[in-house]
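Chains as they are written, first to last, in the numbering used here: chain A, 1 to 429; chain B, 430 to 858.
The hints are simulated quantities; they were obtained by calculation from the structure and are not laboratory data.
Predicted, not measured: the structure shown is a model, and the values here were computed from it.
Some hints could be false.
To be verified - For lysine to aspartate or glutamate, the following DMTMM-like pairs were computed, each having C-alpha atoms within a straight-line distance of at most 25 Å:
| id | chain 1 | residue 1 | chain 2 | residue 2 |
| --- | --- | --- | --- | --- |
| 1 | B | LYS438 | A | GLU332 |
| 2 | B | LYS648 | A | ASP188 |
| 3 | B | LYS532 | A | GLU308 |
| 4 | A | LYS113 | B | ASP607 |
| 5 | B | LYS507 | B | ASP533 |
| 6 | A | LYS17 | B | ASP607 |
| 7 | A | LYS17 | B | GLU761 |
| 8 | A | LYS28 | B | GLU777 |
| 9 | A | LYS12 | A | ASP273 |
| 10 | A | LYS212 | B | ASP471 |
| 11 | A | LYS112 | B | ASP721 |
| 12 | B | LYS532 | A | ASP196 |
| 13 | A | LYS73 | A | GLU38 |
| 14 | A | LYS159 | A | GLU38 |
| 15 | B | LYS648 | A | ASP196 |
| 16 | A | LYS20 | B | ASP757 |
| 17 | A | LYS56 | A | ASP418 |
| 18 | B | LYS441 | A | ASP196 |
| 19 | A | LYS112 | B | ASP625 |
| 20 | A | LYS20 | B | GLU522 |
| 21 | A | LYS268 | A | ASP329 |
| 22 | B | LYS853 | A | ASP375 |
| 23 | B | LYS502 | B | ASP471 |
| 24 | A | LYS293 | A | ASP280 |
| 25 | B | LYS619 | B | GLU665 |
| 26 | A | LYS112 | A | ASP375 |
| 27 | B | LYS507 | A | ASP418 |
| 28 | B | LYS457 | B | ASP607 |
2 protein chains.
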Amino acid sequence: MTSVYDIAKRAKNASIKALKLSSYVKNKALLSVADLLEKNKDKILNANKLDLENAKEMLDAGSLSQSAFNRLKLDENKLRDMIQGVKDTVNLEDPVNKILWAKDIAEGMTLKKVSCPIGVIGVIFEARPDVISQISTLAIKSSNAVILKGGTEAIETNKIIFSIIREALSSVENFPVDMINLIFSREDVKAMLDLDNYINLIIPRGSNALVKYIKSNTKIPVLGHADGICHIYIDEYADIQKVLNICVDSKCQYPSACNSVETILINKNIIDDTYQLLLDKLSQNDVIVKVDKFLYSISSNVQEAQAEDWKTEYGEKLVSIKVVNSVDDAIEHINTFGSGHTDCIITENQENAEKFMTYVDSAGVYMNASTRFADGFRYGFGAEVGISTNKTHARGPVGLEGLTIYKYKLYGNGDIVDDFSTGKRHFNK
Amino acid sequence: MTSVYDIAKRAKNASIKALKLSSYVKNKALLSVADLLEKNKDKILNANKLDLENAKEMLDAGSLSQSAFNRLKLDENKLRDMIQGVKDTVNLEDPVNKILWAKDIAEGMTLKKVSCPIGVIGVIFEARPDVISQISTLAIKSSNAVILKGGTEAIETNKIIFSIIREALSSVENFPVDMINLIFSREDVKAMLDLDNYINLIIPRGSNALVKYIKSNTKIPVLGHADGICHIYIDEYADIQKVLNICVDSKCQYPSACNSVETILINKNIIDDTYQLLLDKLSQNDVIVKVDKFLYSISSNVQEAQAEDWKTEYGEKLVSIKVVNSVDDAIEHINTFGSGHTDCIITENQENAEKFMTYVDSAGVYMNASTRFADGFRYGFGAEVGISTNKTHARGPVGLEGLTIYKYKLYGNGDIVDDFSTGKRHFNK
């Protein structure tokens, strides 16, 4: 079996060849992938059945959750969506070889800042078997090589999809097939994290624990988000209908998503008008509510929140509510306990909104909109690599652009620095 | 003495307050810093004398190099340049609160991508005492908090400049003075590397060993460059006059700079026309030359290069020369042995130039220009944080923009995702 080191070396070589891929060739490759996936639907579904059989045993033994089992399942619809996802990428703008900026820095000297791929990207993801096709597609479109590590539960599905993608790429003349690679075990991941000479970026898409483990064990830059602890602050100038709609949507529209709300902060001056209505509405939607000491003393049918609650990502129909004195208090709570993901103020007061949106140090700061909008497709990026709570490189929903960096191309005519330092020549202003 | 933990906490608080700083207030603060540095010139020069006295002992004992000693010295001219540097920053464009992109994602919903500061940045630099003023200035202009650790040799100079900057900032009403912080020991640096909850970016400006140590010992993203192993490839279609000028400038204009050239690759087809002229020119400029086996067999007055030479940053008037068969060979050599810093092709052939500039995977790829142009000021950025060989966040010379990231601001009117997933509403194309 090929070692991770050899795979990484090949991936790096392929990433250099990929620097010259035209949009035309890349789109041709993508269509070839979509076509071969289409032709091999049955093979894929059969492989998925094998995975599901194994997973069923784990489910029965209690070592796999029902939701993980559900995510693993690939049916005709999901497969069709997966293939359509590959085709849709063809229509997106090529993110590389774009001139981002250009300047004549001196007479006869042109400097161009040009977007280019990052190089080799390691992506570690969970059981969902459509991710392998999605990430491969984005890698091809952005001219990056990837080394993929999927969830072990999906191993048969991943293997077959991987081999179909490689076969499809082989059919495109001179295409650097080693752009797409698959590794299998935790030991492989461990080995990958040491290869900072070959791998330029790691994207972990998984649990908080996974992301922390990776950040602690590699010199390679890591792009990802740990927690998604999102807040809604109900300002004293909030419209009650917006409060009810946004709170329910932010919690219930998809409770296990990272952009669903954890904590609702409510301004003390509007408790009388808002709190009971909100409780009723949440309860109608089967949301369990935990509240701070004060609210607990005036409520029934709620639990009392503990210190841990303010820093917990629930991932289910559970929300905590806390009273705050002002927008400043709300900002301070969010900057202390939040994870810098997505936070919303509900208010009709523009000044409070701007204050909140300036001082809350999060990737997404919203006025009167559900936190669930934090998503690359909803933002109009056409594709999403993931959501980042990093404060370098890329933040928030990351589209194809997040898989690029730039280089500076300088076109001269024999120019030397000495002429400038001796004052013979001058840089343009 | 305040612990690094407390300093980092205060810096984080200050960084939140800094989110609201207007360009006007920041520029006022910068002018106040320049003014107070001006008024305290003598104090600074006296402190520098103390450092120089201590450094002289180290120099005599052989524990400090002459060049490090020279860099430590602050004279009237350097001090004037340093203060002018602070003033010049006032005229640069404010890099934060710029709307980078905006879109109405659906009717009544506006999404804005707005530049903002990174937060808290740790900067570790060597003995040059003007760096503390330069980095503080850039931090103020970009609304970031910084924790600075200077070279121990410059401790007295750094302390006095630091206290003057803090005093100047205190005179500006409500200015978050804790944006600028100084720490002192290696233990402090070690402690800082653990504080990933408070510090968002580390910029090491120092030796290769320092950068590697830092990358291996922190979860915090690191921006910097390890080696600066730069190449010039002399193509078979090179103009000889350009060859001689560019090679000499790239090596001799400032040999200890990271953007000076290490290895010259020469196309085999033009050895007869070029090689001896180049050797003569380099020798006239006191450059020691090491050459590959073949060239060694046909030359005199040169040394034979060893395997190590192709991956060594010389930092002095020393250059290695190697024969290559083609532009492809040159590209492969550079991508194998280079450090992704700055590499140049000398040619009159546009096709070879484009090939070189596409496939060489470096921050700067030049056609017919000295590698010494790789510099933020020469690129017209007005300021330079450093040069990055990272392939994420910022690459090449990094100006103020490299100290920023962005957030997404979404302005809605009570909008919920459920309306879109049920098909009641649609996103704009």
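Consistency of the hints with the structure:
1. LYS438(B) with GLU332(A): holds (14 Å)
2. LYS648(B) with ASP188(A): Distance ~21 Å between LYS648(B) and ASP188(A) Cα, so the pair holds.
3. LYS532(B) with GLU308(A): Violated, at about 38 Å.
4. LYS113(A) with ASP607(B): Violated. LYS113(A) to ASP607(B) sits at ~35 Å, over the 25 Å cutoff.
5. LYS507(B) with ASP533(B): Judged against 25 Å, a Cα distance of about 51 Å means the pair is violated.
6. LYS17(A) with ASP607(B): Roughly 48 Å separates the two Cα atoms, so the pair is violated.
7. LYS17(A) with GLU761(B): Distance ~11 Å between LYS17(A) and GLU761(B) Cα, so the pair holds.
8. LYS28(A) with GLU777(B): violated (34 Å)
9. LYS12(A) with ASP273(A): Roughly 61 Å separates the two Cα atoms, so the pair is violated.
10. LYS212(A) with ASP471(B): violated (49 Å)
11. LYS112(A) with ASP721(B): Given that 25 Å is the threshold and the Cα spacing comes to 34 Å, the pair is violated.
12. LYS532(B) with ASP196(A): violated (37 Å)
13. LYS73(A) with GLU38(A): It holds: about 18 Å lies between the C-alpha atoms, which stays within 25 Å.
14. LYS159(A) with GLU38(A): holds (16 Å)
15. LYS648(B) with ASP196(A): holds (14 Å)
16. LYS20(A) with ASP757(B): Cα-Cα ~13 Å, so holds.
17. LYS56(A) with ASP418(A): violated (72 Å)
18. LYS441(B) with ASP196(A): Given pair LYS441(B), ASP196(A) is violated - Cα atoms ~30 Å apart, limit 25 Å.
19. LYS112(A) with ASP625(B): violated (35 Å)
20. LYS20(A) with GLU522(B): Cα-Cα ~35 Å, so violated.
21. LYS268(A) with ASP329(A): Holds. LYS268(A) to ASP329(A) sits at ~11 Å (cutoff 25 Å).
22. LYS853(B) with ASP375(A): holds (19 Å)
23. LYS502(B) with ASP471(B): This hinted pair holds, its Cα atoms lying about 14 Å apart.
24. LYS293(A) with ASP280(A): holds (19 Å)
25. LYS619(B) with GLU665(B): violated (50 Å)
26. LYS112(A) with ASP375(A): Distance ~32 Å between LYS112(A) and ASP375(A) Cα, so the pair is violated.
27. LYS507(B) with ASP418(A): Given that 25 Å is the threshold and the Cα spacing comes to 20 Å, the pair holds.
28. LYS457(B) with ASP607(B): holds (17 Å)
The structure is inconsistent with the numbered hints 3, 4, 5, 6, 8, 9, 10, 11, 12, 17, 18, 19, 20, 25, 26, although it conforms to all the rest.
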